[in-house]
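Chemist: The primary structure of each chain is shown beneath.
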Amino acid sequence: MTSLGSRMKLLEEAVNDLAPSPKHAGVSPERAIDADKARRPGNPMEHEPAPVANAHWLEPDQQPAVPGLLIDPDRKLTATFGTQHPPRGLSGMLRRAAYRVPDYRVRRWAMLILADRIEGLEATLARSVKQPATWLAIAGGVMLLVQLRRRA
Amino acid sequence: MLATSYRGKGRIRVEQKPEPRIEHPNDIILRVTRTAICGSDLHLLHGLVPDTRVGCTFGHEFAGVVDEVGPSVASLKRGDRVVVPFNVACGTCFYCQRGLTSACDNTNPCSTIGGGAFGYSHTTGGYEGGQAERVRVPFADIGPMKIPQDMHEEDVLFLSDILPTGYQAAEMGAIKPGETVVVFGAGPVGLFAQKAAMLQGAGRVIVVDQLGYRLEKAQAFTPGVEIIDFRETKDVVAAIRRMTDGRGADVCIDCVGCEAQGNFMHTLLGKLMLEAGSATAIQWAIDCARKGGNVVLVGVYGPPFNLVNIGTAMNKGLTLRMAQCNVKRYMPTLLEHIRSGRIDAKAIISHRFPLEDAELAYHLFANKLDDCIKCVLIPPEAA
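Chains X and Z supply the protein sequences, listed in that same order.
The first sequence begins at 2 in the working numbering and counts up one residue at a time.
The second sequence begins at 5 in the working numbering and counts up one residue at a time.
It is worth saying that the hints were derived from the structure and are not from the lab.
Some hints could be false.
Claimed, not checked - Subject to a maximum C-alpha distance of 20 Å in a straight line, what follows is the list of computed EDC-like cross-link-like pairs (lysine to aspartate or glutamate): (1) Z/LYS180 with X/ASP37; (2) Z/LYS350 with Z/GLU340; (3) Z/LYS13 with X/GLU123; (4) X/LYS131 with Z/GLU19; (5) Z/LYS150 with Z/GLU72; (6) Z/LYS180 with Z/ASP249; (7) X/LYS38 with Z/GLU340; (8) Z/LYS350 with Z/GLU220; (9) Z/LYS21 with Z/GLU360; (10) X/LYS77 with Z/ASP109; (11) X/LYS77 with Z/GLU27.
Said to hold, decoys possible - Derived coverage of chain Z by chain X (criterion: at least 3 residues anywhere in the stretch with Cβ under 8 Å from a Cβ of chain X; other residues may be distant): (12) 46 to 57; (13) 110 to 116; (14) 352 to 365.
Glycine included, each C-beta is placed from N, C-alpha and C at the ideal position.
Just chain X, same shape as in the assembly (with noise of 0.2 Å):
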């Protein structure tokens, strides 16, 4: 039986074995000024807990409740949220129906998505009949039926 020093020098030698080819082997110390780990900030399991810089607070303020924020059923308010476009017409029925599903259930995310897609149609909807040339195609429309109707 091996001790572990020498499984871990196997291991290593194992590894340096999947090196690639010397012809790609070279790099400049400027290429790989990286490669030291320690000039690596991101791994989180070497991180010692500890606020982030310029914190100053050990729980943050609370930003007040608006009207219409919807809550996923595993959270609650959190210390701050976007607070524009409250849901709204049928998408927003929709949306608030989704909100009482967890989102760990695939039917949360597709009556988003239909929710989604069923507030462009409002939209369009909505922007179509601002729009002058609707009425008039609509009015357009109305004529020619009554005259068809005549003729027939």
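Go by the hints and put chain Z onto chain X.
Modeler: Just chain Z now, with coordinates in the frame of chain X:
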């Protein structure tokens, strides 16, 4: 104020919207001087991210000048120039204390899958984005970083997202000196991931894309990278294996996400919404990695699921690592790289547009027209 406004799947326009206001004591209002369109904004535009509501403003890459400060803001004052990470983070929760600001527990009441982010649907908290003249920035003492006086906003703009994302991707690959790294996607994040892989000691970097101009850019941006145009290669996996003595790459990085091309089945299923977009790039990454290798995912996929060959990953003993970038902790290191000239971040900018022309910029970027790599938008007051 002028801002982009989502109008439904595939439609965006610029319109007048109400000015943002201070809503929390640690908010600032930022006058945006530079903002960019990210590849992940296209996923929003194309309706792949659930709970993207009509009227919302996109934009999570921006820099600007502090215009108004909330009563508890201690580290910034009016007139300071800052670049803002795309994560909204409180700085003191369980996750922030561990450097995982992308998972902040105090900024997203809408889902449990991540923390808050600017301009990225209600799934990430419903915050308005920075493709606007002004934007509300919560937890201003935590995220924003002051821009050194001798540097322009464009020098540091990409510290907000894509540069740290590319760097973190390479870092999650745990690259050992001399190893072979394959980067899928030669878009902005891919360009920074390949650069970071070189800086972290990769012996060989292979970039896979289908757009010739992007592959040329990859070679110009990081001399020494090898390229594969997958339109001209029958089988990407076989090509990578041939290039690596039949073994596969040590590290594979997916910098594409849910709109990948190259596999009819994934493209079709993605279009039909039977999976959350096309999972071609991550499947290739799993297939191209050597046994015991590392696969990294930083491309964005929407919920709920994608069809990937997870059994292959298990049998090959792959290590899968993935995350939204924890931008804040990378800013100092990457600022040093920019200042020293090792990374010329603004060299990836291919187009600059007035904010008013954002619709055109999206069209150009989404359709890869005019050799577009990265679009920066300039609000009227900053022009």
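Chemist: If a hint holds in the structure, say so; if it doesn't, say that too.
Modeler: Evaluation of the provided hints:
As the CA atoms of Z/LYS180 and X/ASP37 are separated by approximately 9 Å, the hinted pair is consistent with the 20 Å bound. Between Z/LYS350 and Z/GLU340 the alpha-carbon distance is near 15 Å, which keeps this suggested pair within the 20 Å criterion. Note on Z/LYS13 and X/GLU123: the hinted pairing holds, with a Cα-Cα distance of about 12 Å set against a maximum of 20 Å. A threshold of 20 Å between alpha carbons decides the hint, and for X/LYS131 with Z/GLU19 the separation of about 16 Å falls inside it, so the pair holds.
Only pairs whose Cα atoms come within 20 Å are accepted, and Z/LYS150 paired with Z/GLU72 is accepted, the gap being roughly 15 Å. Between Z/LYS180 and Z/ASP249 the alpha-carbon distance is near 18 Å, which keeps this suggested pair within the 20 Å criterion. Distance restraint check for X/LYS38 and Z/GLU340: the Cα-Cα separation of roughly 16 Å lies within the 20 Å cut-off, and the hinted pair is therefore satisfied. Among the hinted pairs, Z/LYS350 with Z/GLU220 is consistent with the structure: their alpha-carbon atoms are about 17 Å apart, no more than 20 Å.
Between Z/LYS21 and Z/GLU360 the alpha-carbon distance is near 13 Å, which keeps this suggested pair within the 20 Å criterion. Under the criterion of a C-alpha separation no larger than 20 Å, the hint pairing X/LYS77 with Z/ASP109 is consistent with the structure, at around 10 Å. For the proposed pair X/LYS77 and Z/GLU27, the alpha carbon gap of about 18 Å is at most 20 Å, so the pair holds. Remark: the stretch 46 to 57 of chain Z is confirmed as covered by chain X, as 5 of its residues place a Cβ nearer than 8 Å to a Cβ of that chain, reaching the required three.
Under the rule that three or more residues need a Cβ within less than 8 Å of chain X, the assignment of the stretch 110 to 116 of chain Z holds, with 7 such residues. Here's how the stretch 352 to 365 of chain Z fares: 0 of its residues keep a CB closer than 8 Å to some CB of chain X, so the rule of at least three is not met and the hint is violated.
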